[in-house]
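One-letter residues, chain by chain:
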Amino acid sequence: MKLDRRTFIKGAGAGTAGCALATLPGSLAALGHSTLKGSAESVASICEMCSTRCPISARVVNGKNVSILGNKNAKSYGGAVCARGGAGHSQLYDKQRIVKPLKRVGERGEGKWAEIEWEEAYATIAENLNKIKAKHGAESVAFSSKSGSLSGHLFHLAKAFGSPNTFTHASTCPAGYVVAAKAIFGGKVKRDLGNSKYIINFGHNLYEGINMSETRGMMNAQMEKGAKLVVFEPRFSIVADKADEWYPIKPGTDVAVALAICHTLIEDDLYDKAFVAEFVSGFAEFAKEVKAYTPEWAESVSDVPAEDIRRITHEYAAAAPHALVDFGHRSSFTTEEFEMRRALYAANVLVGNIERKGGLYFGKKASKYNKFAGDKVAPTLAKPGVEGMPKPKAKRIDMVDEQYALIWSSGGVYQTILDATLEAQPYQLRAWVMSRTNPMQTMTDRARVVKTMQKLDFVVACDIYISESAAYADIFLPESTYLERDEEIVDKSGKNPAYYVRQKVVETIGNTKPSWLIWKELADSLGQGQFFPWENMETLQLFQVDKNVPLLNKIKSDGWVSYGEPLLLREPEMVKQFANTYPNAIATDADDTYASHLSFKTPSGKIELSSNKVEKMAPGRGVIKYREVTMKKADELFFIQGKVAVHTNAATQNVPMLASLMSDNAVWIHPITAGLLNISSGDKIRIYNDTGSEEGHALVTPGIRPDTVFAYMGCGSKNKELARATGKGVHCGNLLPHVTSPVTGMNLHTTGVKIAKI
Amino acid sequence: MNNIWGSMEQYDPVVWNWIIAVYLFMAGLSAGSMLVAIGLKWYKKNRGLPTEGLPVIKAAAIVAPVSISLGMALLVLDLTKPFEFYHILLNYNLTSVMAWGVLALLVYIPLVFVFAALVFEKQVLKYAPWLAGILKVCRLLENSIHKLIFVLAIGVGAYTGFLLSALISYPILNTAILPALFLTSALSAGSAGNVLVATLFFSKEKSDCIDQVHRIEYPVAFNEALCLVLLFVGLNFSGPAAQGALSAITQGVWASVFWIGVVGLGLLVPVLSSIFAPKSWRHTKGFLITVSCSTILGVLALRHFVVYAGQSYIS
Amino acid sequence: MTKRYVLVHDENKCIGCQACNVACRSENNVPESVTRLQVRIEGPYGNFPNLHFKYNRVSCEQCENAPCVKVCPTGAAYVNDDGIVSINENKCVGCLYCVAACPYKVRFINPETRAPDKCDFCKDSRLARGEQPACVTVCPTQALTFGDANDLNSEVRKVLDTKPSYQQKVNLGTEPRVYRIPSRRGGIKA
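Read top to bottom, the protein sequences are chains H, R and B. Residues 390 to 1147 (my numbering) are what the first sequence spells out, left to right. Residues -12 to 302 (my numbering) are what the second sequence spells out, left to right. Residues 83 to 272 (my numbering) are what the third sequence spells out, left to right.
Do not rely on the hints blindly, as some may be mistaken.
[Claimed, not checked] Distance condition first, Cα-Cα at most 30 Å in a straight line; then the derived DSSO-like pairs of lysine-lysine: (1) H:K1073 / B:K136; (2) H:K754 / H:K1073; (3) H:K464 / B:K205.
Read the hints as simulated data drawn from the structure, not as lab findings.
Next up, chain H with everything else stripped away, as it sits in the complex (with noise of 0.2 Å):
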């Protein structure tokens, strides 16, 4: 099926195609006339417009579109796809898409540009590369990606040039939950949202940052099963509208909510002591700890009524253990995040939901599934290590402080790269290549990172589109998009083992490649070729496989592959289910569940409500504990934001589709506060503070606190690259000061500000 590029591009791309960037070098628009070819069978892959990754099923319609839909083969995500991932097609053809590669001509962030060979391009970056290594230290290069999907193969040639500082946006986003449920539970949770009968959360918007497979789950218990939803956040959010009660919190306090549960738990006698005897570690010490956290206490702190906090819980511990305390996403909201998060995995862990219908679980992967089952139930995937891989000696630069020791393998604390950069602490970095990455809006004090950018000796960005962050690159990668990728196979287990892979469902567009190839030739420039023996992607996943070429195959046709039934350990129904279906499944236990074999990789093996191990990296905070702390002056007002259900944080402001769904984000403000500063809904605002000021408009809404002004992330762009996106809305990045909170290294998602009409 021949796929005509300009045809298409009539079709669905026009109204703002003819943008000053018609002539920008590289970009589709540039290049023109190539004819490409697609699938017109569907072809099940993997969604990238944001982090969950979907399965989706795609083909070219009519030789002139791409149809995106989800896979039903995966039946949590039932064959639905958001906006985001129906737009995917509307970013492969977009004209402003850069296909070639580019060496920056100008000044960094000048947007000057020219077009250069692929050799030239992976020379340029050895030569300079190799030499800062000769001099400075492999270690003074750092290498930063999107975490998920081809990351690894960055952070493989980071390893193998010799470089230990490979970052995520991890500190920028998720990292908060990651970091305590490591504290607590020795490893990730997931929540089963969708067997819940009673969710209480804390601005955990999943009806507007889409996560399919929970959104969908926490949908149908709240219509289907009659779950009730308490939702606690300072904003009128969708997900505040469809809760049963909305409290609108004081921003940053949700800590001491969470806190006064966990004290209405125990004062209340409502908690599950069997549970929290046998699996359960440090109680005592929190117990005394949430001893002074009453209600009236969290009402002081977070205007949350005392008496809807104890009604709240009461019904929480009636409904137990088939209900949950969202942890959340997102993050962080303050700076007492670590306690915060842990308060939350604290509330679900004295209910005894853990490994419960509607509670929280841990995944199981195929080999502990099968070690359950005593039989080879699903296949386990091999993971290719490559010998003689070098060990970087020298330290990573966010090793500073002990404190941040959990984060250390989960991605890192990002924004130390600007510490580094720009106060050589601990150590001069001197390079910087990004991967699918946009600091410039996703990190923290948009200032500091500019000045970082124009520090470093040279800066190499990997990306669809010249990002705001890219835009200061020296030389631009241009990556294929994911319709146009094969990738290795992809673990997706949650309560049972499950698989699915990307592939192609385009050719590649003009002359762009996919990260994992590029960095395999860059390998071989940069003299580390050995360390890259597979031949493509095929081989990868074959090795993956072990060569079982029917698995692959089927992985590849359904695009999703699950085996077996959903287990939970402790879940009696579930168990007998699972012992009746496999004959040398381990024996039940005597209640008919597996409990005792519930473990948790935690120094004492235990779930760790007190730890002596965060006590030792951060002393003072081995018990989870309030501490006040000051988020804006006193004449300011909170700025908080948030994702929409149309973009995905800082990536698809200029993906045609979405651009013309909303391209600006206007700043909620209260009635109450618009009257005082005399602002009407679409006036022209100033939004400032003393790490930046911004303009905006306004969009006056009960629906905030009066004291809380909000705003949707990733709009303002300030890099004339990304046309439909540059200079509409506010830059949430330029608010927010650079401060990095303690044990997660997470960067601060809220502020003070002052609004002003002009």
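Go by the hints and put chains R and B onto chain H.
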């Protein structure tokens, strides 16, 4: 909530613009001019008076065909597919007011040209002697043709009103008054148009029936005013959406158009000037031209007001 | 038995995420400057903190008594046997009468065909292949139910028989085939 669903431009309730307003005016002008001319003819005939060469009738023979032709040209050019105009002549959906309008105009327009040709028979034959035969037949059928044109002109005048009143979601438009309003204002425009052209090109002396035509303006103006009162009083009692639409005459630019254009120029100027102007003025050319222009502008304003304000308020 | 396709939009399940909006545009190649479908998130209404949004699906209502069909002079706008209000572009002259007549303002001129365009339940593409309309298929929260209301066992029939629903502007007598399940939240003007 921020708009995350995209542009709202296409949802503008104002679909039809000034071109349609001008067309509606032109069609009304043509129909009104014919009604006045034929009415005058019958009036004279009944009294046994001569009807040949009356300036008003000559004027109508110019006004009616020219205005309907211009109107049709505007209408066709305003189509999104003007070159596929012929489909509307081949396919008829009889639940559509527009289809009936097309049928009426299909007969009306040629007949208006026949009317004009008969009025200017000499001149026509000078340039197109080959039409002599046809004109002879037409002359024989002249009385029937007049009756037919009269009926069709009522149809055309009222149809423009029905065209809009069929738009059920616009309270100002979706009323039975509208066709009546359009017909009466068509008479206003038609008589004023006839008087204007007659005064400018065909009048030799004072009398010339211009006065007689001028006299029908009182009852017509009265009827028009009555229709407007009925329209807005009716709106006031037709539920909240309709009541909301009343602000069309109290707020915004269209309220000004209504009070200054429709009421001021269209009704007050002609009526008051006829009452208060000194006798010596009344038959002067300048007076007649001013007053008829004012009336015509008033009716044009009315069509614009109805089209724009009418579509601006949706239930 | 003739079909009577209807669509039910559950405003409690709808999260206004625009997945339908995008899927519709992609499936039907709708030009960028226009749209067949959008879900407007209106509000919040009510009084702080008892607020609620209204999720207003804006697309062709597939009226049984369609004003657009009634006013079309050439019959280019017609109701198909399956109840879907359809457009025969070849007969259309582009008089905009249907666009003006639509009480829901969901007809627009497609800049490529110069003819009116609007939601047709994907009848020539997905429906013809026996699939559900694009919006229904992709909806993340299953807020849309589509089917033949004349089929006693259909899902739509069950939904409409068991849940309260309303249609927009029923007072105009248009009898829309898009039904809406109202939000469970109330409110009174302050």
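Query raised in the report: Can you list which hints this structure breaks, lowest number first?
Result: 2
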